[in-house]
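S.K.: Sequence:
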Amino acid sequence: MTDEKTHGARDAMQRALFAGRAARACLDEMNTALEGALETTREQGVYSALQDAAPLDPHRREHRPGRRAKLAADPELRAFVEARLGTMTFDQIADAVADTFPPDRRVRRSAIHDWWGRHQKRT
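To convert a position in the sequence shown, counted from 1, into the working numbering, add 2.
What the hints contain is simulated information worked out from the structure, not anything from laboratory work.
Cut-off 25 Å, straight-line C-alpha distance, at most; resulting in silico cross-link-like pairs (SDA-like, lysine to any residue):
#1 K72 - G119
#2 K72 - F82
#3 K72 - R110
#4 K72 - F92
#5 K72 - S112
#6 K72 - P104
#7 K72 - H115
#8 K72 - R108
#9 K7 - R17
#10 K72 - D101
#11 K72 - D93
#12 K7 - L19
#13 K7 - A18
#14 K72 - A100
#15 K72 - D97
#16 K72 - H121
#17 K72 - T89
#18 K72 - L87
#19 K72 - P105
#20 K72 - M90
#21 K72 - W117
#22 K7 - G22
#23 K72 - D116
#24 K72 - T102
#25 K7 - F20
#26 K72 - A85
#27 K7 - A21
#28 K72 - W118
Taking CB as the label site, the calculated pair distances span:
#29 R70 - L40: 29 to 35 Å
#30 G38 - R69: 28 to 34 Å
#31 A100 - M15: 57 to 63 Å
#32 G68 - A35: 27 to 33 Å
#33 G38 - A100: 43 to 49 Å
Yeah, the Cβ is synthetic: ideal placement off N, Cα and C, and Gly gets one too.
Can you make the complete structure from the sequences, with help from the hints?
M.R.: In structure tokens form, the structure reads like this:
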């Protein structure tokens, strides 16, 4: 083997060794965290840990697929839209929502129409 090939192989082996050490450190951290969680569970008991869990979302409780619609999840947004349903078009409501709410809480005309269609069937 030439010196270049020897150095290349040595460098590759060193990189693999460093990667292995880093992976081992991550595994050690995970092991420590799991041991701590197990000890906490032993101390508190399994049932007390389950009782402290957050309540289940109604959408998930009904075993509905996908994520919950913004209008179903946000009461303030839903009230805003419901207050305008009889007097404005879906496009006008969507524009009013865009003017009033931040981008992560906005809904478009199609979402308003879909929610309205589902809501109309229930009443």
